[in-house]
Amino acid sequence: MIRVKFKEPETKTWRRWVKDCETATADLRVKYEGGKSVEVTKLYRRKSIKEEVYFSKVGPFRGRCAYCESYIADFQHGDIEHFRPKRAVTDENDAPVMITNPDGTTREHPGYYWLAYTWRNLLPSCITCNQPGEEGIGKRSRFPLERPKYAIKEEEIADERPLLLNQVDPNDEDPEDHLDIDLETGLMTFRNNSKRGEMCIKVFGLNKRDQLVKERIAAIEQIKAKYVKLIMVDDDAKAQVVHQEIKEMEQGSLSYTLARRAQSRKTRERMGYK
Numbered sequence: 001m002i003r004v005k006f007k008e009p010e011t012k013t014w015r016r017w018v019k020d021c022e023t024a025t026a027d028l029r030v031k032y033e034g035g036k037s038v039e040v041t042k043l044y045r046r047k048s049i050k051e052e053v054y055f056s057k058v059g060p061f062r063g064r065c066a067y068c069e070s071y072i073a074d075f076q077h078g079d080i081e082h083f084r085p086k087r088a089v090t091d092e093n094d095a096p097v098m099i100t101n102p103d104g105t106t107r108e109h110p111g112y113y114w115l116a117y118t119w120r121n122l123l124p125s126c127i128t129c130n131q132p133g134e135e136g137i138g139k140r141s142r143f144p145l146e147r148p149k150y151a152i153k154e155e156e157i158a159d160e161r162p163l164l165l166n167q168v169d170p171n172d173e174d175p176e177d178h179l180d181i182d183l184e185t186g187l188m189t190f191r192n193n194s195k196r197g198e199m200c201i202k203v204f205g206l207n208k209r210d211q212l213v214k215e216r217i218a219a220i221e222q223i224k225a226k227y228v229k230l231i232m233v234d235d236d237a238k239a240q241v242v243h244q245e246i247k248e249m250e251q252g253s254l255s256y257t258l259a260r261r262a263q264s265r266k267t268r269e270r271m272g273y274k
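Position 189 (the sequence shown) corresponds to 189 in the working numbering; numbering is contiguous.
Bear in mind the hints are in silico, worked out from the structure with no lab data behind them.
One or more hints might be untrue.
As the list claims (entries may be wrong) - Capping the alpha-carbon separation at 27 Å, the derived lysine-lysine pairs in BS3-like fashion look like this: (1) LYS202 to LYS266; (2) LYS5 to LYS266; (3) LYS153 to LYS57; (4) LYS214 to LYS238; (5) LYS202 to LYS229; (6) LYS12 to LYS57; (7) LYS31 to LYS5; (8) LYS266 to LYS195; (9) LYS12 to LYS36; (10) LYS229 to LYS208; (11) LYS229 to LYS266; (12) LYS19 to LYS36; (13) LYS31 to LYS208; (14) LYS5 to LYS57; (15) LYS36 to LYS57; (16) LYS19 to LYS202; (17) LYS7 to LYS50; (18) LYS5 to LYS247; (19) LYS7 to LYS31; (20) LYS19 to LYS31; (21) LYS57 to LYS226; (22) LYS5 to LYS36; (23) LYS36 to LYS195; (24) LYS57 to LYS47; (25) LYS57 to LYS195; (26) LYS224 to LYS195; (27) LYS42 to LYS19; (28) LYS153 to LYS31; (29) LYS5 to LYS42; (30) LYS266 to LYS224; (31) LYS31 to LYS42.
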């Protein structure tokens, strides 16, 4: 899981979609405030947007799951996942979040309907990270907070303290301030007793999925091999090529960038590189 610097595409397809989303959001607000039923359509996962932006291998997510960093376009349909759930909201243990009405009665949280079509609230996810799975893995409608003060209005969002990380929100913290990799085992760890890092590992099952761990180890070995190659080359031009390959790996050209960066940092330290 890494920060994704999402720059809005300057395409007609994107602009048309954003405009349609703004119109749909305004309609949801009117219905909700008028006490009518709120229905979120499939607009947020319009096929053209999925293919050109969220699941594209040349898009900001490089065709990978925002949570586990595995490729999703090649072997599954994947989901466009809502960071803040669009309808029902559940806590860490997937129990419904209850809110108190002005008259003292309680009801289930209606969801963050006003963010249903907002691109900063949308992330590409593999099915395993998003949908119900074994051992409690899968985000589903889970949205745990550090303190149980859930927003039910847009202006209350700033007071929330989510325990999950949003990779595209520039106002959220960098995932790498919370997550790290054990370079010997390939297991994900959390930095400085980070509750947010720990929760991401738990909810998305980042250490419970053997294939993920194996692929992170493979990524670590790949970048090790690049540094070995760098040491062996005796030509400045060839060394420059290897340096560029390492740089591209660190920037996210391949999957499991968090693991690659962690190994690269350690290797540079041992080699005396800055």
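#### Entry: Holds or violated: LYS19 to LYS36, with C-alpha atoms at most 27 Å apart
23 Å, holds
### Query
Are the Cα positions of LYS153 and LYS31 separated by 27 Å at most?
14 Å, holds
### Query
Between LYS57 and LYS226, is the straight-line Cα distance small enough, at 27 Å or below?
Given pair LYS57, LYS226 holds - Cα atoms ~23 Å apart, limit 27 Å.
### Message
Check whether the Cα positions of LYS224 and LYS195 lie no farther apart than 27 Å.
### Response
Judged against 27 Å, a Cα distance of about 30 Å means the pair is violated.
### Query
Keeping to a limit of 27 Å between CA atoms, is the pair of LYS202 and LYS229 held or broken?
37 Å, violated
### Query
Are LYS229 and LYS208 close enough, with their CA atoms no more than 27 Å apart?
With a Cα-Cα distance of about 33 Å, the restraint between LYS229 and LYS208 is violated, given a limit of 27 Å.
### Query
Given the hinted pair LYS202 and LYS266, is their alpha-carbon gap at most 27 Å?
26 Å, holds
### Query
Do the alpha carbons of LYS36 and LYS195 lie within 27 Å of each other, as the hint requires?
38 Å, violated
### Query
Is the Cα-Cα distance between LYS31 and LYS42 27 Å or less?
17 Å, holds
### Message
Run the distance test for LYS229 versus LYS266: straight-line Cα separation, threshold 27 Å.
### Response
16 Å, holds
### Query
Does the alpha-carbon distance linking LYS19 and LYS31 stay inside the 27 Å limit?
Distance ~19 Å between LYS19 and LYS31 Cα, so the pair holds.
### Query
Is the Cα-Cα distance between LYS31 and LYS5 27 Å or less?
34 Å, violated
The structure does not agree with the numbered hints 3, 4, 5, 7, 9, 10, 13, 15, 16, 19, 22, 23, 25, 26 stated previously, though it agrees with the rest.
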